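J.: What follows is the residue order along each chain.
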Amino acid sequence: MSSETKQILTTDGIPLELSLKKAERKNKIKAFLLVTPLLLFLFITYVFPIGEMFTRSVDDKMVTNMLPKTFKAMEKWDGKELPPEEVFAGFYFDFKVLVENQTQGKLGQRLNKEKNGFNSIVKKLMRQIKRNKIDETVSIKEQIMKVHKRWRTVEYWQAIKRTAPPYTMAKYLKGMDMYFAPDGSIAQVDEDRRIHRILWLRTLEIALFVTIFCFLMGYPIAHLLATLPMKYSNLLMICVLLPFWTSLLVRTASWMILLQQQGLVNDFIVMIGLVADDNRPTMMYNKVGTYVAMTQILLPFMVLPLYSVMKTISPSLMRAGKSLGGTPFVAFWKIYFPLTIPGIGAGCLLVFILAIGYYITPALVGGASGTLISNQIAYHMKATLDWSFASAMGLMLLSGVLVIYWIYNKLVGVDNIKLG
Amino acid sequence: MALPTYTETRYRIWHYFYIAICTFVFFFLIAPLFVIFPLSFNAEEFLVFSEGMKRLDPDAFSFRWYHEMVYGTKNPWGLAAKNSFIIAIFATIGSIILGTLAALGLSSRHMPYKGLIMAVLISPMIVPLIISGVAIFFFMAKVGLAATHTGIVLAHIILGTPFVVITVTATLSGFDHSVTRAASSLGSNPFNTFMKITLPLILPGVISGGLFAFVTSFDEVVVVLFLAGLENTTIPVQMWTGLREQLSPTILAVATCLIVLSTLILVTAELLRRRSERLRGINR
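Top to bottom, those sequences are chains W and S. Every position in the first sequence, counted from 1, becomes a number in my numbering once 88 is added. Every position in the second sequence, counted from 1, becomes a number in my numbering once 41 is added.
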């Protein structure tokens, strides 16, 4: 038998297999074209800008562009003793261009960050050049060294050399309270100045505890909602959904009113005699405020996934467990609880992801000891204008969130997120 | 939940303990919203219950702050409300169009790389807002759309589409594709099939996704704080500045209005969800 007879042909003589493949490809393209507008839009306005944050965070081209001749000459310098005449000459001609363009101030500031004391000697050199005190026909090295004793110090030239690469990881190190030591190794910031590490740990701690609180409070009510008859549970569901739909700022405002010194919570604990009237505890502008407000705000995100899983568990399973001799506790622990684990995973991951990037609520009720890493990012975006540092911290936070997102996607699947 | 008569005492105690916990949690969830209500009618300037209010003295209550909210001199709420509504409406329309198209593509069983693409489309909902804010700000500043309504609308479309994609794909998961095939076999072109068959069936999902997108935009403050100039201020931005600087009862009046609005949206969303479940029930 020849192979041609086995092949099934369509009416127009094309093998069926090919014809089907063609139709399949057409459908694929059709489906993809429907997604394309949103995908393109997101890539242009969102995904690429996030990528751009990365280039911004490692960018260190400013000095590289300002001192091209210097760095060319420095390639041959071993960095142990004072650099040779060519480096001084290269630096002099680069610097002269900067003085003509009046941009030498930026160089001074940037180098000052690398090593203290640069600002003043850059200014001093600038004045000498403006007065035409430097004679280009004789040794430039000798003349620059005469301007200030720091120009005769090898550490300052090493500092300039360190700024040569157009990219730097310095901002990422700074985000973890580390820096490049003069010899190029990575060193720790002094113990009393390690602010960022405290912030990272606090962010993790608050996100973790908020997740635990949400779980402890969300599990019982999700269980109640799932087991009550429809007409009662629908009514109680409003208690979960109304906060969910209400503005975040409204909910934060209500906590600010409740938790203030003369607020209702304080009134209540004074009334039941827990504390004296003149000794009201501060519950706002510290961690307590952040915990309480964030737990209430994120609780619906725990209850809804738990509820949707519990709804699918048949009550007869528990009855079977009990009829086989298990006490209610055993039946719950061995049968019901394991079945709810997918919901627990979904709820906890969702709450944790949302909590770790929280900004508004900690900024309003957190005070100094309740602020999180997001607040620090916003601070550098708006106050210090150190955008590259803000980008670096943002990306460090993002990489953490993406890892959890990936786990979430593996365990739950993003297309299984339920809303409302 | 009545307990059977044969329940042992310790389980009885446990049951009442459980009910007590649940009551406490429900109270914890809902009570804060109701604090705002009476305080917004406070006749005095302080954000605490005055003696008069505790005695339910009618003189202690007034519409003073609502009056202030609407007619107050140099007050920003009018402009903020106008901006908020304009931005939210356009952002919702944009999110619905882009999100529904994408959901239709994603629900097709021929869609390649479904999981990966879905993960990208949902990411604006997962990525911390502060990072989205920084990235979007860099983009808008580069193309010259910072401090414009257009820029904020585009930003809110980014943040709103994941909700539409999720709700519409959920609705489409119960969708019976034979009805569209029937329409095609009866000679309808794809556009007509979509408008007359598919859209009416998935409409509840589209609208509830749109509601999510609307609320997201209407409530969004982090990205707007980066993007907005004085002209583009919105209600959440005004509340944010108010809560940080001068905590006045006018904010509570605004907050009360927002709670009323969110109640309306909740009711609509619930009705839609039930309708959608009913429709899908018939399909099965």
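Keep in mind that the hints were calculated from the coordinates and are not lab data. A quick note: this is a predicted structure, and the numbers were derived from the prediction, not measured. Where a beta carbon is used, it is the ideal one built from N, C-alpha and C, also for glycine. Among the hints, erroneous ones may be present.
As the list claims (entries may be wrong) - Simulated coverage check for chain S against chain W, where a stretch passes if three residues somewhere in it have a Cβ under 8 Å from a Cβ of chain W: (1) 85–94; (2) 97–103; (3) 117–129; (4) 215–224; (5) 303–313.
J.: None of the hints should be skipped; say for each whether it holds.
T.: These are the hints, each one checked on the structure:
1. 85–94: Per the Cβ count (3), the hint holds.
2. 97–103: That given contact is violated, which follows from only 0 residues of the segment 97–103 of chain S lying within Cβ reach (below 8 Å) of chain W.
3. 117–129: violated (count 0)
4. 215–224: Three-residue rule not met by the segment 215–224 of chain S, so violated; n is 0.
5. 303–313: holds (count 6)
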